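**Q** As they're listed, the protein sequences go chains L and B. The working numbering puts the first residue of the first sequence at 1, with every later residue one more than the last. The working numbering puts the first residue of the second sequence at 1, with every later residue one more than the last.
For the record, the hints were derived by calculation from the structure and aren't laboratory data. Since the structure is predicted, the reported quantities are computational estimates derived from the model, not experimental observations. Mixed in with the good hints, there may be bad ones.
Below, in silico cross-link-like pairs of lysine-lysine (DSSO-like), each with a Cα-Cα straight-line distance of 27 Å or less [claimed, not checked]:
#, chain 1, residue 1, chain 2, residue 2
1, L, K311, L, K325
2, L, K123, B, K191
3, B, K34, L, K144
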Amino acid sequence: MTSMRSKIFLSILAALLLGIMLCGYFFYTATKGNQQVQEITNRAFEATRYSVAFRNSFNEINALSKRVLTMSSFITREEIQAEFQNANSALIKASKGLLKHSLSQKMQVKSQQIQQQKLAWLKDSKLLLGLETSDHIPILEAYKRRQADLENSVNELIVLAKKEASEKLLLSEKKLNDSLLATFVFTLLISVLFAIFAFFLARGLSKPLINLVKTAEQLVTGNTEVTFNQADRSDEIGAVVRAVASFRDGVIDRLSLQENLKLQAEELQEALSKEKELNELQRQFVSMASHEFRTPLAIIDASARRMERRKDRLSSDDIVKRTRKIHNSVQRMLDLIESTLLVAQADNGKLSISPKEINLRDLIEHCCDNQNEIVTTHTITYDIADLPDLFIADAGALTQVMTNLLSNAVKYSPDAPDIFVKGWVAETDIFITVKDHGLGMDEDDVSKLFGRFFRAKTSTGIPGTGIGLNLVKTLIEMHDGEISVQSEQGQGTIFTIQLPLKDEIVDIVDFDEEQTFLIA
Amino acid sequence: MRNCFKLILVFSLLVVFPGVISAGDGTSLKRQYKRPLEIKFPRTARYSPQLVTLGKMLFFDTRLSGKNNLNCASCHNPSFGYEVPVKTPIGATLTPLQRQAPSLLNMAWVSPLFWDGRADTLEEQAVGPISHPDEMDGNFNIIVKRLKRSAEYRKFFRYLFPKTGITRENLLKAIATYERTIVAGWAPFDKWIDGDDTAISNSAKRGFVIFNGVGKCASCHQGWNFTDNQFHDIGLPIKKVDLGRAVQEPDNPFAKYAFKTPTLRNLTHRAPFMHDGSLRSLEEVVDHYIHGVIKRSSTSPKIRNVPLTASQKADLLAFLKSLTAERQDVSMPILPN
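Turn these sequences into a full structure, and let the hints steer you where they fit.
**A** As structure tokens, this is what we get:
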């Protein structure tokens with residue numbers, strides 16, 4: 001019997017029972033008080049009635065005495081006897097009533113006093129009226145005094161009866177009021193107790209529910225780290241809490257499942273986009289490669305056919321000319337294959353550099369001379385005197401970078417034959433610029449320039465793979481350097497390489513003898 | 001030790017002496033003046049209201065006199081303390097009698113009767129004034145005949161005395177019984193004696209002390225009725241020779257000119273005073289005892305001039321006046337025809 005329903009039911013039942021009891025008590029008190037008042041009223045009425053009756057019969061005897069004692073006319077004993085008997089029986093009845101209907105001890109005492117006074121007075125009366133004989137009869141004066149005393153007593157009794165009645169009535173009323181007040185106070189007390197009980201009951205009901213609601217709200221927001229305090233309760237709330245707790249467990253399961261699914265989806269998405277990218281790259285590569293490989297092959301084929309057709313008329317110069325064309329084309333294809341391989345290596349994370357102490361100036365000079373040799377249409381001017389002799393870098397990578405930049409400068413400056421290379425040191429970095437006055441690019445293209453397979457809009461008609469600059473940027477970044485570009489359409493382009501002067505090598509020289517030895 | 005005993009002695013005296021004085025002076029003295037509450041009737045004439053009523057009728061009935069012109073109340077008027085306000089009453093002969101009518105107040109306690117005490121009972125006494133030629137000049141045979149003519153008297157007497165009816169003895173008994181019911185009312189003095197301290201003035205209280213003390217009045221006017229029922233020569237000047245008690249006691253030298261001590265109750269209604277009515281007021285009476293007492297061989301040894309100061313006299317008079325009760329209504333009976 002510990003469920004909430006039974007608790008509430010029992011409380012209401014108890015309240016009802018108490019209410020009925022209080023009503024009963026109230027009714028009982030009121031009825032009792034009313035009865036008391038009624039009784040007092042009756043008794044007071046009776047007391048007064050008997051006092052008055054007493055006084056009346058007393059007055060009758062008194063009148064009779066007066067008549068007899070003034071001795072103004074002759075009244076026979078029988079006449080006196082008859083009148084006296086009537087008055088006396090009434091007097092006896094009245095005095096009995098007086099004794100019986102006393103309201104209080106005081107009145108009882110007074111009534112008894114009246115009885116005694118009455119007895120003495122009656123004795124005197126009887127003697128004086130000649131109803132009894134004796135050698136002594138009371139002196140009239142003494143008798144009158146006794147009579148007056150008795151009369152006074154009776155009057156006092158009447159007054160007393162009135163007073164006592166009113167006092168008793170007041171007292172009874174007060175008592176009734178007191179008990180009513182007590183009942184009221186008791187009722188109030190019980191009400192307060194019930195209110196407190198109801199408050200605690202309501203709190204006992206609402207508090208765990210509110211807690212539960214909060215917990216549920218937390219659960220909704222996904223916070224599964226909630227505790228359930230009331231789960232061990234044996235009532236309805238306990239059941240609800242347990243239900244919510246099991247719901248929480250379900251929520252936890254579902255959330256973890258959801259999380260896993262999300263992760264899987266993300267992985268899938270990633271894989272998918274990677275795949276897409278690869279596909280695009282492959283498509284671009286195929287398109288580029290088919291074009292780029294076809295052109296030198298066409299040149300080689302054309303040169304070979306011409307040589308074949310004119311095999312007899314060919315001068316040695318012609319042969320040299322043709323073979324050089326073939327040679328260049330082969331060189332170009334080789335470069336293409338080389339850079340493609342490098343990119344592939346970079347993509348697979350297999351591209352690595354091996355920095356060594358190199359002569360940077362020589363390297364750049366060599367690249368420029370080489371380019372000058374290959375290209376007849378352009379002149380490459382270089383000013384690299386400010387560069388240091390020794391520099392730590394991968395020579396192959398830097399050669400690749402310079403060759404790429406120089407060939408680009410040549411390629412995209414068809415009408416501007418001068419290409420300038422400049423090198424210098426500023427603070428801890430060395431700077432190398434390759435400047436042309438060729439086609440240039442707009443800003444939009446500049447920002448995308450280093451993307452793989454990207455070709456600027458101005459490059460239309462010029463053969464290229466879009467791999468070169470991407471490879472350059474990769475290689476420079478592998479040297480912890482940066483490459484930037486300044487370009488304006490129709491004005492030309494400046495590529496600036498910034499490479500850090502590496503101090504570590506100095507450290508190596510100073511402290512790592514083996515390394516020093518190897519370098520030497 | 002001796003000092004200690006002295007101290008105890010002094011203390012015991014201090015404690016006991018005032019007690020003795022107060023006991024002797026106050027309460028015990030006052031107790032002597034306590035009034036009786038009952039009238040004693042002789043066995044021969046028991047009280048009955050009818051008998052008293054008949055006595056009262058006869059007391060006021062002129063048919064008891066020789067010429068139907070006098071009744072007992074002629075000389076014993078209730079308004080004047082059952083006396084008459086003249087020096088001496090005037091009887092059937094229309095001449096003043098020798099002595100003042102004595103008051104009938106409290107006669108139930110007085111014996112013998114008359115100024116000289118010649119009658120032992122009221123019945124005996126009543127014979128005197130009724131039949132004396134100077135007083136009512138009645139004849140009992142005639143009186144009985146007269147009464148017998150009245151049907152009501154016959155009825156009353158037959159009712160009271162079924163065997164004898166109207167007789168001289170029954171008549172006297174009735175009158176005497178009525179006279180025994182004549183009692184002086186409760187005076188302020190009585191109320192004081194009963195404990196009401198404010199009932200009388202302080203002057204009267206001092207007068208009470210003089211009355212019992214230096215005045216020596218209480219040596220004759222004893223008790224609540226203020227009489228010793230004895231006969232004394234109080235040294236009044238003799239204007240007419242009246243031997244008084246000496247007629248009954250010829251051998252007693254003090255019986256000469258001696259008269260019965262009268263009650264002092266209701267004094268103020270009872271002037272003039274003395275057996276011969278020679279003193280007109282209470283002041284004169286007191287003055288007589290202060291300086292008017294004549295010393296002769298018969299003068300009572302208890303009587304002598306008591307020199308009182310004026311204030312003492314005033315106190316004494318105040319006390320004497322406190323002996324007068326409120327006046328009582330005395331209704332006239334309806335006499336049978």
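**Q** Would you mind marking each hint as holding or not holding in the structure?
**A** Hints, one by one, checked against the model:
| no. | hint | verdict |
| --- | --- | --- |
| 1 | K311/L - K325/L | holds, 16 Å |
| 2 | K123/L - K191/B | holds, 24 Å |
| 3 | K34/B - K144/L | holds, 17 Å |
Of the numbered hints given earlier, the model fails none.
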